[in-house]
Amino acid sequence: RKEVEQDPGPFNVPEGATVAFNCTYSNSASQSFFWYRQDCRKEPKLLMSVYSSGNEDGRFTAQLNRASQYISLLIRDSKLSDSATYLCVVTGGSYIPTFGRGTSLIVHP
Amino acid sequence: EPEVTQTPSHQVTQMGQEVILRCVPISNHLYFYWYRQILGQKVEFLVSFYNNEISEKSEIFDDQFSVERPDGSNFTLKIRSTKLEDSAMYFCASSDRSPQDTQYFGPGTRLTVL
Chain A
1 RKEVEQDPGP
11 FNVPEGATVA
21 FNCTYSNSAS
31 QSFFWYRQDC
41 RKEPKLLMSV
51 YSSGNEDGRF
61 TAQLNRASQY
71 ISLLIRDSKL
81 SDSATYLCVV
91 TGGSYIPTFG
101 RGTSLIVHP
Chain B
1 EPEVTQTPSH
11 QVTQMGQEVI
21 LRCVPISNHL
31 YFYWYRQILG
41 QKVEFLVSFY
51 NNEISEKSEI
61 FDDQFSVERP
71 DGSNFTLKIR
81 STKLEDSAMY
91 FCASSDRSPQ
101 DTQYFGPGTR
111 LTVL
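Taken in order, these protein sequences are the chains called A and B. Per my numbering, residue 1 is the first one in the first sequence, and the count goes up by one each step. Per my numbering, residue 1 is the first one in the second sequence, and the count goes up by one each step.
These are computed hints drawn from the structure, not numbers from a lab.
Once the Cα atoms are required to be at most 30 angstroms apart in a straight line, the calculated DSSO-like pairs of lysine-lysine come out as:
#  : chain 1 : residue 1 : chain 2 : residue 2
1  : B       : K42       : A       : K45
2  : B       : K42       : B       : K78
3  : B       : K83       : A       : K45
4  : B       : K42       : A       : K79
5  : B       : K57       : B       : K83
6  : B       : K57       : A       : K45
7  : B       : K42       : B       : K57
8  : A       : K42       : B       : K42
9  : B       : K57       : A       : K42
10 : A       : K79       : A       : K42
11 : B       : K57       : B       : K78
12 : B       : K78       : A       : K42
13 : B       : K78       : A       : K45
14 : B       : K42       : B       : K83
15 : A       : K45       : A       : K79
16 : B       : K83       : A       : K42
The shape of chain B in the complex, shown without the other chains (with noise of 0.2 angstroms):
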């Protein structure tokens, strides 16, 4: 069964230093997503991603972060100048055709800035 793929599964970064997320989507699927859980809160949307193009980002998704699909496969989050408080679990998903399809998630990457 496809799934959405993510690395690296663990990140320590200290404040201020630059991370790149990488996520893999299902192949097939148009809408690509990147979301955040602090450990023992909700999972929150950070932005949608189609044709190349964001579709919505959240109040979360402020200049510090940017995404991009750098060649047909990989979709990334890139966090500028870490904070303490993005520690968090960054999941990636993506769905087929809509955004109203199910979102696969894959298995996350815990980041940890010290």
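For reference, chain A alone in the conformation it holds in the complex (with noise of 0.2 angstroms):
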């Protein structure tokens, strides 16, 4: 089983449109999660952490689920802006990052 897993999509949404990502992780240990958004050719860049408890930042919610062993990332009023790939990211008590491959969205207007 892959340690972190994405869909690939891509996820095709009109602007204004709500969207949600799932990433699982195989890893029971695994103590930090995040976001990051990559743009075509560029850095990964963090979009967000994701707590235990849930965390908001504008119209991006990230959310934890320790028994199931998911993370998910919801996007509401999607932008032009928001076209790119997200990336979820688990880091394990050996502290290496493990990367999904990526969830790739296009928002069209």
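Join the two chains, each given in its own frame, into one complex according to the hints.
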């Protein structure tokens, strides 16, 4: 089983739509969880950390479900500029981050 | 806003040659990292570095690779005897006081091995 799995997409949505991504991880000892955004041929940039209680940053909401070993990212009111690949990152006790392959989002007018 | 910088942005080399990729982490950060991303694939952790020594490394980081902090600002990745499959984007990153802190990535060096 892959350590961090994401649906590669692409998710093709109109502006203003709400879209949700899920990510599952296999290591139950994982400790830290993040969503990064990566634009084409650019470096990953932190979008948000994911906390057990869930957290929200503007139009973005992240949730963690430790029992089912998945994290989610919800984007409300999608903008054209949200088009990117969203990377799920999980860090275990060894502090080695494991990246998912990413979910591609395309927001169209 | 402070940022991680990397040079060169693109490096082309012949198979079998050695390359050195350079990074300047954010100045007050204590942890440094190298990652690679083969085109179309996921970002892969190579190595982390703290207090002038390797703290973690992946299976990918074998004897072909080495890292060094030659002075107070630079952090380098040396790849010896490059192979075609070393062609990838190499990202440097740094974090403040803990590997659990946010990692800030540099813009990457695209390595092409011919």
